[in-house]
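Single-letter residue listing:
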Amino acid sequence: MENRYELNKNLAQMLKGGVIMDVTNAEQAKIAEAAGAVAVMALERVPADIRKEGGVARMSDPKMIREIQETVSIPVMAKVRIGHFVEAQILEAISVDYIDESEVLTPADDVNHINKDEFKIPFVCGARNLGEALRRIGEGASMIRTKGEAGTGNVVEAVRHMRTMLNDMRRVQAASAMELMTIAKEYGAPYDLIKYVHEHGKLPVVNFAAGGIATPADAALMMQLGVDGVFVGSGIFKSGDPVKRAKAIVEATTFYNDHVKLAKISEDLGEAMVGIEIDTLAPTELLASRGW
Amino acid sequence: MITVGVLAIQGAVAEHVAALNKIENVKGIEVKTLEEIEQIDGLILPGGESTAMGKILNYFQMLEPLAEKIKQGLPVWGTCAGMILLAKEIVGQDTTYFKAMDMIVKRNAYGSQLDSFQTTIELPEIAATPIPLIFIRAPYVESVTGDVTILAKVADKIVAAVQDNMLVTAFHPELTDDLSFHKYFCKKVSASKQVS
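Keeping their order, the protein sequence lines are chains H and X.
Per this note's numbering, the very first residue in the first sequence carries number 14; after that it's consecutive.
Per this note's numbering, the very first residue in the second sequence carries number 13; after that it's consecutive.
Isolated chain H (complex conformation):
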């Protein structure tokens, strides 16, 4: 058991440079795998639909997840509500490869997150800044992603969260040793993890981008900002031509620095998902504010 956490961090390392796609059934999972996704995220409704239809969003039907597991050979992830440790127990029982304790679903606990250390299965969690990322890692998350603003097709929040995290890390790195405890207090982050960032200048786990990525250029933007890979939620299956777009986003994530290739990759993809201006959302509609 003692090296389980290392093995779980290691799986995230294998996903680097790749795209993890939201899928709602086995057929979409097949399309994602065929396009070159490194993993799929099984969920009942993509964030854009959760946003539109409202209501409580919960863990998916285990039967649907199992069908996806039987269909694809790449890792299968699935979401649980923040703090809903029984949903996590259920997903562990059906051996999904990664659990996303996600703000996209309706939180089950408005104070606490799951104690992820208690599980053998790895967890990925969203974060808007360094403090939030380190709190989740402190609880046992072995992978972090930006929260972005899921289901909007608008990348601005993912950019903000990544830039905030980078700025926070630069500050921690540049601080003197005697300032670290006060920074830990200010960020609400475990002191030992602040020390880790001070020494290494990065998170102790892999960090992906998520929330609002809709085009190959969005994916390459996040990669150039320094994330290790990307999650694409509604961006693919809410677009005009999911097959083409999925493939294009995969290509752009690998060749994120090759401008000529990016131009070619971005050609003729059909319609992107309709985007939402973040300012038009009421504060209660912002998913990123869920999580503590």
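Misleading hints may appear alongside valid ones.
[To be verified] Here are the simulated PhoX-like cross-link-like pairs (lysine-lysine), alpha carbons at most 25 Å apart as the crow flies:
| id | chain 1 | residue 1 | chain 2 | residue 2 |
| --- | --- | --- | --- | --- |
| 1 | H | Lys215 | X | Lys39 |
| 2 | H | Lys22 | X | Lys81 |
| 3 | H | Lys274 | X | Lys81 |
| 4 | X | Lys100 | H | Lys43 |
| 5 | H | Lys22 | X | Lys118 |
| 6 | H | Lys215 | X | Lys34 |
| 7 | H | Lys43 | X | Lys118 |
Note that these hints are calculated values from the structure, not bench results.
Dock chain X against the given chain H, drawing on the hints supplied.
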């Protein structure tokens, strides 16, 4: 001085590069185009998702030219997904990639992430001390033919093998501090460079 490239399509690339750069007279770099691959003495195909890497190699018409380079003798080491890319046959699927090494591999052979594990092995021909082995949703080699030499077995399954210019490991030396396999591969690369 030798230059070893790590195929940077996707996966644990930086880890391999960092390990290579700890070895004397070895320069590790990331490579993702055929032009870059022309500049190197040896190539590592890293761990990641073989389906994703295979797709992208295919999209950018890199599969065949790379397979040809390997056939011509470019020293290559496949870890995990890289091992799958090198196999002539893959259990349960028709798609193969470089079709280079005479072996049948089984993907996700141990199960899901819950079945990922760590162990150690003694391999006197590679290192004097026991080597830590990390298996992440790992494949293994089901069987070999031709002149493939089996290097290591764990619980009776083949997890490391060599054939001519090719080395494969089902596990991930790049995730440990142990440089034994990187040194072993770099020795192969140096020897090959001296011959040519």
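Outcome of the hint check:
no. : hint               : result
1   : H:Lys215 x X:Lys39 : 24 Å, holds
2   : H:Lys22 x X:Lys81  : 34 Å, violated
3   : H:Lys274 x X:Lys81 : 23 Å, holds
4   : X:Lys100 x H:Lys43 : 24 Å, holds
5   : H:Lys22 x X:Lys118 : 23 Å, holds
6   : H:Lys215 x X:Lys34 : 20 Å, holds
7   : H:Lys43 x X:Lys118 : 20 Å, holds
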